[in-house]
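Given next are the chains, with one letter for each unit.
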Amino acid sequence: MNAVSKAKVAMYWAGSCGGCDISLLEIGPHLLELVAAADVVFWPCAADFKYHHVASYPDGYIDLCLFNGSVRNSEQERMARLLRQKSKTLVAYGACAISGGIPALANLATPEELFARSYTDCPSVDNPGGVLPRTETESLVGELEIPHFYPQVLRLSDIVEVDYLIPGCPPQATRVWEVCQAFLGGALPARAHEQLAGCTDKSVCDECTLEKRLVKISGFRRHHEAIPEPGWCLLEQGFVCLGAATRSGCGALCTKVNMPCRGCYGPSGEARDQGAAFIGALGSLLNAELEARAGELIDQIVDPAGTFYRFTMSDGDLKGHR
Amino acid sequence: MSTTTSSGTRRISIDPVTRLEGHGKIDIFLDADGEVADCFFQVPELRGFERFCEGRPVEELPRITPRICGVCPEAHLMASAKACDEVYGIELPPTARMLRELQYCLFYVTDHATHFYALGGPDFVMGPESDPATRNLIGVIGKVGLEIAGKVIRCRQWGHEAAAIFGGRPVNPVNAIPGGMSKPLSAEERNRLDEIACYMVEFAEFTLELFRSVVLGNQQYVDLILNGPYRHATYSMGLVDAKNRSNYYDGEVRVVDPDGRELVKYPPRDYLQHVAERVEPWTYLKFPYLKAVGWKGLVDGKESGVYRATPQSRLNVADAMSTPKAQAAYEQYFETLTGDRSGKRPVHHTLAIHWARVVEMINAAERALELVRDPEITNQEKYRALPTRTPSEGVGCVEAPRGTLTHHYITDENGIVRRANLIVGTTNNHAAISMSIKQAAQGLIHRGVEVSEGLLNKIEMAFRAYDPCYGCATHSLPGQMPMTVRVRAADGTVLAEGRRAARGSDNG
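First to last, the protein sequences are chains A and B.
Count along the first sequence starting at 1, add 1, and that's the number in this note's numbering.
Note that this note's numbering gives residue 494 to position 497 of the second sequence, counting from 1, and the numbers run on in steps of one.
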């Protein structure tokens, strides 16, 4: 980047839902400032640049590439490598690119099971021949190819070196704009090693306005089973809430509408394993003198794997445990 | 990008398709005469939601399934919550129901606005064959000016503010739960929503005016809509209320044939009796069709079970609109396109889906205003009900902006999901989108015609009208939807090379 030429920015979606792209649009009026300061050179959601355009760019041509979504197939891996090559700064944008996100819950199942539920063992499917999508199909007019499906949902950092991580599902627009400003203003160096941005090192609990009464938990409830008392910490009321083990930056938005945190900003503080961090935090909050009683209480929590690791199933520490 | 296949045809690829949600690719094959031999629209990804919803507590699905699509998370939120209501056999209290529909209508306006201005609109405002570097939202802003741009940005901003009032988060709100909503609406919040709804009505009417002047005021565009290679006479699907008027949040699924006669009307829980899905090996996305008619392949007409579920389809199945300004817009739409303002004769012009979308914007905005002004909307008790029954099975259905969306869950007695099945908005239209792309390719590419970037964009316009969301559609497998068009000739040579414009460094 220099004073003469505008910065070149790219946004790409791999295995994602589009929510990250929307979160970038949500910077609203700042979008005009962003495009005044930078040229968009690739953004499939919003602009007509194709893969061959990206391939034609010189290496390092893109100043800032925001990469959202996980890597689950060969095309996504190819794009991750291509964009790394073409970008000075590569950002893993959002929970999926950082730690797999919700789609990484699929790592609890095998690809065969995923295919079966979608294409053969599914109540609405009419597929007597048991046809499954395959990477290459010969049609009358020529061969057709679709990407190879990987056995697991991978993080961007499993494929290429990543400079920055902007967490969230999706990242909150105000945080995104702060990071964009810092980057365009030269406050962030181009290269870094998985440096967090757009969040703090505190926890969601630190941002949450609900009152902690320091009451020990004597039983767990599911959120549809009871109406919480307004203004009081949901976890203390027995609703599983991951705020204590989740880094802040979101503004504790879910608890504002009586809904417990599910951890989309990833682990807080120094913790790498969000689920282990939460279980650790929970230990001191249970109304249980004896380990056996603590175990009984923990057993009341349904689906701990899918809840404690809702957004981080692809994280390194979990590999090999799926 | 053009290559030669081993079959000797020539292939033109559009990869990825752009200005839509998700991933996709188009391969066009040319025969030895330079004519389009065939055309495939491929969806290259799958994520497997059906499988990994299993084992989750059912009340978590309204928090998990919105990540099928971050563009229309409210659609999944509502369909999922409705399926949960049925799983627990909960009758929603009236305020809970109204709150959900209010939230949904405000989302609808916002979502349709996104498509109109950012995704589909640039083709008309900037021109189908304009410089691709500026054929986007930024180009549109530059052309229409900051005043109009400000209106668009405000619509989106206020729409997301409304989402946050209900659901905490502007994207992926979390508030719809089994039995209703996670919190009631305060008087102060209601007042703000009233302001937002008023603005939405005004903005939707403004958008219709803009459509009239930019699109209908341009004879070239009218000709493209009416006489271009963009028309398929298919069945139409959409939710209707008890008076057969469009409803986005609730109702029965009505299907009319290509002539406008009702084929069937059914409660969403009966969907398996009426819809089935084909699997093809060359794409990760399935092809739903009407069981009563049967699968005849990628063809239109009364004998083919292919149906569409788009804003246009919803107008085709509706006898009328539920609000006055939308009704007037509905009548004008049908009068212009079929000569019959009653709406009894369906419209099949694919590009006119853009117009139908604006009619729906007005309808959803007006409906939101009605709901926000209902005195019961701020009832502080009837916003949720607690389950009393053992959970079992439920189907939840809404009209996603991109088509009828169905969530179907079966749980054990503890409410843990055993099976989940999802038929999402865009998937309904998969066959029709494939057909529309092929039709456009066949209508536009001929021997001696230069396959320009602008021509390829006109092929992309065939899918863009549907506002497809392949994030949604690929919930079952990881999907990639940017698009590629390839053409190959039978003698193995490159017939035409479809190139996008040179690198758009001033794309802004």
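Take the hints with a grain of salt, since some may be wrong.
Okay, derived cross-link-like pairs now, DSS-like style, lysine-lysine, Cα gap no bigger than 30 angstroms in a straight line [claimed, not checked]:
1) A/Lys7 - B/Lys262
2) B/Lys140 - B/Lys240
3) B/Lys341 - B/Lys293
4) A/Lys89 - A/Lys7
5) B/Lys240 - B/Lys341
6) B/Lys262 - B/Lys293
7) B/Lys262 - B/Lys140
8) A/Lys213 - A/Lys257
9) B/Lys379 - A/Lys213
10) A/Lys7 - B/Lys140
11) B/Lys322 - B/Lys293
12) B/Lys379 - A/Lys257
13) A/Lys257 - B/Lys148
Just so you know, these hints were derived from the structure itself, not from any lab.
Q. Broken hints, numbered, in rising order?
A. Of the numbered hints, 1, 2, 7, 11 do not hold.
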